[in-house]
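Asks: Mapped onto numbering that gives the first Met the number 0, the consecutive letters of the sequence shown carry residue numbers 0 to 323.
Hints are computed from structural coordinates only; laboratory data are not their basis. Everything numeric in this text was worked out from a predicted model, so none of it was measured. Hints are supplied without guarantee of correctness; some may be wrong.
To be verified - Simulated restraints, written as ranges between beta carbons of each label pair:
1) F107 - Q50: 40 to 46 Å
2) R145 - D194: 20 to 26 Å
3) G49 - D296: 40 to 46 Å
To be verified - SDA-like mimics (lysine to any residue), calculated; alpha carbons at most 25 Å apart, straight line:
4) K262 - V231
5) K300 - R179
6) K300 - R212
For glycine and all other residues, C-beta sits at the position ideal for the given N, C-alpha and C.
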Amino acid sequence: MIKRAVALGTGHYLPDRIVPNSEFEATLDTSDEWIRSRSGIERRRFAAEGQTTSDLATRAARAALDNAGLSPDDIDGIIVATSTPDLTFPSVATMVQAKLGMTRGFGFDVQAVCAGFVYALCTANAMIVSGQADRLLVIGAETFSRIMDWTDRSTCVLFGDGAGALILGREDGTGTSQDRGILSTDLNSDGRHLDMLYVDGGVSTTGTSGKLRMQGNLLFRQAVDKLARTAVTALERCALSGADVDWIVPHQANIRIIAGTAKKLGLPMDRVILTVQDHGNTSAASIPLALSVGVQDGRIKRGDLVLSEAIGGGLAWGAVVLRW
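Modelling step: build the complete structure from the supplied sequences, incorporating the hints.
Replies: Dropping the structure here:
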């Protein structure tokens, strides 16, 4: 017998404000058709004034706890993937811990931009299978609307705010690919590509939060190849292939990247959980948001094989294979 990190519950939260593509037409040289054709995005959510990343994360966490039938003190630790924390420190995770009224355990943040949730899942999996924790609350939460340059039509129309959460718990497995839980992971990064996607500010440089900068065409060419490669690697590590996958739950950045990756894996788009049209790119929140939506609407069922992959600034990318 071996230990597996098994999904116990999911949840998500989206801010109330819905921003359709048409809202940008008044201030930018853009249109609904231009945005849809290049990204697949139709609308996104923006956090309200005074609404922080930890607020969104806490709402998603409560939804996941309710879904799992657990209380905050049933959780050993909180891992939050985010690039838009409330403060430079302390971590968003400790803020969520306090807002949940959680009186035990630990919390820390993981920062790998859009790949953050994959990195957080890998970290949580390692802690659970090694015996450091029995149940972990893993959250992706972002308020990217706070770091947009509203004069840059190539970036500001792409991103949105939101949060998703997944609770992992330790269960016994047989060591085969038929086990429930996380079956394999793959993580990668290459710091030589920093200029493709970054924020032009920080504590030790400008002393400001800065604005997001992206070279979209260069990033697109990197993304499809790297995402397909990491997905294949993760599947091969548990003796599986694309044909075994029931659902791809990818990072929701761009419909063309998602479609290109699915094609390389030999999978049709009707086996992809898509939320990019409604949420935009919510960075580290996009995979747990899509997971929660797919579970909530009944598409993802117990026993399904789920593949998640993501790429973000760094560049950082990776994949997780999980049997629901």
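Asks: Run every hint past the structure and note whether it holds.
Replies: The hints, checked one at a time:
F107 and Q50 have their C-beta atoms about 23 Å apart, which leaves the hinted 40 to 46 Å range violated. Range check, R145 to D194: about 22 Å between beta-carbon atoms, so the 20 to 26 Å window is met. Look at G49 against D296: about 31 Å separates their beta carbons, and that is not inside 40 to 46 Å. Straight-line distance between C-alpha atoms of K262 and V231 comes to about 13 Å, which keeps the hinted pair within the 25 Å bound.
As the CA atoms of K300 and R179 are separated by approximately 12 Å, the hinted pair is consistent with the 25 Å bound. About 38 Å separates the Cα atoms of K300 and R212, which puts this hinted pair outside 25 Å; it is violated.
Taken one by one, the earlier hints fail for this structure at numbers 1, 3 and 6, listed in ascending order.
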